[in-house]
Amino acid sequence: MSKIIELKNVNKWFDKFQALKDVNLEVNQQEKIVICGPSGSGKSTLIRCINRLEEHQEGHIVVDGNEISEKTKDIEKIRAEVGMVFQQFNLFPHLSILDNCTLAPIWVKKLTKKQAEEIAMQNLKRVQIDDQALKFPGQLSGGQQQRAALARALCMEPKIMLFDEPTSALDPEMIKEVLDAMVDLAKGGMTMIVVTHEMGFAKEVADNMIFMDEGRIVEKAKTKDFFNNPKSERTKLFLSQIL
Amino acid sequence: MIQIYKPNRANLNTSLSIGLPIIALAFIDFFGNTFLNTNLTRFLPNSLSYFFPLIAGAVGLYFIRIEYSGIRILDNFNKNVNSTTFNAVLTLLIIFIFFKYTPPLLNWLIFDADFVGSTKEDCTSDGACWVFVKVWFKRFMYGMYPNPEQWRINTAFFILFALIGAAFFVPPKFKKYIILFMLFIYPIIGIKLISGGIFGLKWIETGAWGGLSLTLIVSAFALILCFPIGMFLALGRRSELPVIKYSSIGFIEIWRGVPLITVLFMSAVMFPMFLPDGTYMDKLMRVIIAITLFEAAYMAEVIRGGLQALPRGQYDAAKSLGMGYWRLHLLVILPQALKLVIPGIANTFLALVKDTPLIFVVGLLELAGMIGLAKTNPKWLGMAIEGYVFAGLVFWVICYAMSRYSQRLEKRLSTER
Numbered sequence: 013m014s015k016i017i018e019l020k021n022v023n024k025w026f027d028k029f030q031a032l033k034d035v036n037l038e039v040n041q042q043e044k045i046v047i048c049g050p051s052g053s054g055k056s057t058l059i060r061c062i063n064r065l066e067e068h069q070e071g072h073i074v075v076d077g078n079e080i081s082e083k084t085k086d087i088e089k090i091r092a093e094v095g096m097v098f099q100q101f102n103l104f105p106h107l108s109i110l111d112n113c114t115l116a117p118i119w120v121k122k123l124t125k126k127q128a129e130e131i132a133m134q135n136l137k138r139v140q141i142d143d144q145a146l147k148f149p150g151q152l153s154g155g156q157q158q159r160a161a162l163a164r165a166l167c168m169e170p171k172i173m174l175f176d177e178p179t180s181a182l183d184p185e186m187i188k189e190v191l192d193a194m195v196d197l198a199k200g201g202m203t204m205i206v207v208t209h210e211m212g213f214a215k216e217v218a219d220n221m222i223f224m225d226e227g228r229i230v231e232k233a234k235t236k237d238f239f240n241n242p243k244s245e246r247t248k249l250f251l252s253q254i255l
Numbered sequence: 008m009i010q011i012y013k014p015n016r017a018n019l020n021t022s023l024s025i026g027l028p029i030i031a032l033a034f035i036d037f038f039g040n041t042f043l044n045t046n047l048t049r050f051l052p053n054s055l056s057y058f059f060p061l062i063a064g065a066v067g068l069y070f071i072r073i074e075y076s077g078i079r080i081l082d083n084f085n086k087n088v089n090s091t092t093f094n095a096v097l098t099l100l101i102i103f104i105f106f107k108y109t110p111p112l113l114n115w116l117i118f119d120a121d122f123v124g125s126t127k128e129d130c131t132s133d134g135a136c137w138v139f140v141k142v143w144f145k146r147f148m149y150g151m152y153p154n155p156e157q158w159r160i161n162t163a164f165f166i167l168f169a170l171i172g173a174a175f176f177v178p179p180k181f182k183k184y185i186i187l188f189m190l191f192i193y194p195i196i197g198i199k200l201i202s203g204g205i206f207g208l209k210w211i212e213t214g215a216w217g218g219l220s221l222t223l224i225v226s227a228f229a230l231i232l233c234f235p236i237g238m239f240l241a242l243g244r245r246s247e248l249p250v251i252k253y254s255s256i257g258f259i260e261i262w263r264g265v266p267l268i269t270v271l272f273m274s275a276v277m278f279p280m281f282l283p284d285g286t287y288m289d290k291l292m293r294v295i296i297a298i299t300l301f302e303a304a305y306m307a308e309v310i311r312g313g314l315q316a317l318p319r320g321q322y323d324a325a326k327s328l329g330m331g332y333w334r335l336h337l338l339v340i341l342p343q344a345l346k347l348v349i350p351g352i353a354n355t356f357l358a359l360v361k362d363t364p365l366i367f368v369v370g371l372l373e374l375a376g377m378i379g380l381a382k383t384n385p386k387w388l389g390m391a392i393e394g395y396v397f398a399g400l401v402f403w404v405i406c407y408a409m410s411r412y413s414q415r416l417e418k419r420l421s422t423e424r
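If you read the sequences in order, they're chains U and F. The first sequence maps to residues 13 to 255 in this note's numbering. The second sequence maps to residues 8 to 424 in this note's numbering.
Honestly, the hints are just simulated from the structure, not real lab data. It cannot be assumed that every hint is accurate.
[To be verified] Looking from chain F toward chain U, a few residues come up when the C-beta cut is under 7 Å (computed): (1) A169; (2) S327; (3) R334.
[What the hints assert, rightly or not] Here are a few chain U residues that sit away from chain F, every Cβ distance over 10 Å (derived from the structure): (4) T84; (5) D196; (6) R246.
A quick note: this is a predicted structure, and the numbers were derived from the prediction, not measured. We put the CB at the ideal spot given by N, CA and C, even for glycine.
With the sequences and hints as input, model every part of the structure.
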């Protein structure tokens with residue numbers, strides 16, 4: 013398997029606060045990684061650095077062979093290959109679900125409207141909200157909105173999908189429908205990095221688990237080992253609290 | 008007495024038979040005072056007599072303020088206008104003021120006004136002299152534009168209104184093209200038609216333009232131009248590039264800090280000094296540019312307000328889909344931000360229209376300016392009130408139409424539910 017993401021000694025500061033400390037990470041194609049850890053531990057910052065929604069100050073980030081830094085000319089091209097799903101959905105409220113899904117394919121990938129709509133309907137069907145395509149985001153439930161956001165990201169046909177706590181803003185009942193869609197996506201062979209506290213999902217899907225605390229990767233292990241015999245005390249403590 | 012006697016359901020009939028006559032008395036006294044020149048409460052001290060209707064009305068309303076009386080009309084009335092003593096007094100005040108001042112106003116405007124005739128001497132009654140407006144009407148509409156050529160202004164505006172009408176009624180597919188035509192091609196046609204100099208049309212210099220048509224020309228051009236400039240300034244002010252950011256801030260703060268009248272004056276007097284010798288820029292064009300830049304600074308701040316109201320997640324989402332700066336702003340951010348600030352944009356547009364009379368400082372006379380000129384005509388001295396009431400009415404109609412349109416737009420673009 014070939015590497016698709018590589019982080020080497022990445023450091024990031026927000027003013028004086030150091031959010032990431034010497035982070036090293038390699039992700040292979042089709043690999044699924046779940047990142048967990050207490051709030052403020054740098055999980056979100058880490059994945060936001062991968063598509064440069066945040067800038068890192070030191071170290072190297074290479075995505076699909078492209079080094080990401082302030083010198084990167086067409087960061088948009090890399091972003092177009094890296095899909096992202098956010099905690100707060102971030103659908104565009106002024107557009108219908110279908111238009112949300114076709115906007116970037118039409119304007120960034122330069123597909124025709126017809127092609128874009130075809131792809132959009134396929135993806136909406138995949139997350140089972142094709143019957144809501146003409147509604148506006150405000151008319152949908154949280155779970156439906158998050159699935160729409162997933163479909164929107166998939167419409168760009170990304171190589172990598174990043175999930176930033178995709179179920180944290182949802183009612184318990186709706187979490188399952190979103191996780192089901194993500195499991196389905198994982199089975200399809202997508203490379204995924206997921207920040208989440210849904211340990212059931214992690215056990216089912218993840219190849220590797222990462223535990224972060226205070227900006228450091230404290231532990232990285234195969235999923236089975238991570239849950240059965242975690243090495244660091246900090247990880248044990250964390251797991252005992254959330255399991 | 009009021010403390011002891013509490014109107015309620017038990018003493019419903021007693022309360023009503025005390026309260027209603029007192030209210031009736033208040034109204035009889037009020038209408039007697041206002042319309043019949045009689046004063047029923049002459050025996051009271053002056054000030055007390057003057058306020059008698061208000062006091063009696065409030066007392067009467069107190070007696071009929073009965074909770075759950077079982078009478079539908081009374082309950083609705085109590086709930087909506089008579090819920091507290093304060094509301095009761097307010098209701099009475101509004102009714103009294105309305106009846107006291109509406110009739111004399113209507114008399115002056117219409118019933119006692121003069122409409123026929125052609126000189127000031129034809130105005131013999133007490134009311135308004137609309138003869139003044141009638142006689143000067145063409146000047147108020149066209150300024151000093153020569154009479155035989157006025158059909159050109161009419162045609163230009165007729166085409167404009169026809170286009171606007173068409174934009175409302177044609178299917179959405181063609182609407183786009185009509186609007187583009189209206190924004191980019193029609194202005195040139197309209198201006199050429201009015202200024203002439205081509206196709207055998209007589210050249211009419213802008214100094215002769217005036218009246219309402221000039222108001223509309225200046226407003227329309229300034230409106231169309233100030234919007235995109237304001238938009239770019241708003242984006243510029245939020246830019247991460249220091250040069251763009253600080254020049255935007257500088258521009259906005261300078262233009263916002265100067266009164267429009269000074270800006271106009273400078274555009275007329277100082278601006279030509281900066282032009283190379285021999286070049287000449289039309290006065291009207293200079294004025295339109297001045298108003299445009301002035302209002303663009305305000306527009307920029309209004310739009311910036313909308314930009315700031317959007318959550319960061321919208322930027323994140325658009326960026327993560329691979330959109331660069333322009334796509335992100337044009338497709339995602341601005342459509343939402345502009346929708347949020349429609350009331351503010353409408354506000355700026357209305358202010359712009361109402362600022363146009365200030366162009367008198369450079370000698371251009373639009374509607375209000377022409378009225379100012381007409382009222383100093385020796386044959387028509389003393390007609391200022393009629394003139395400015397007319398101007399006020401015309402401006403109000405224009406502004407109200409714009410305000411209604413902005414509300415309609417707000418509703419139509421709402422995707423909340």
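Okay, the hints, checked on the actual structure:
no.: 1; hint: A169; in the structure: 31 Å, violated
no.: 2; hint: S327; in the structure: 4 Å, holds
no.: 3; hint: R334; in the structure: 5 Å, holds
no.: 4; hint: T84; in the structure: 13 Å, holds
no.: 5; hint: D196; in the structure: 21 Å, holds
no.: 6; hint: R246; in the structure: 30 Å, holds
Checked against the numbered hints listed earlier, the structure breaks hint 1 alone; every other hint is satisfied.
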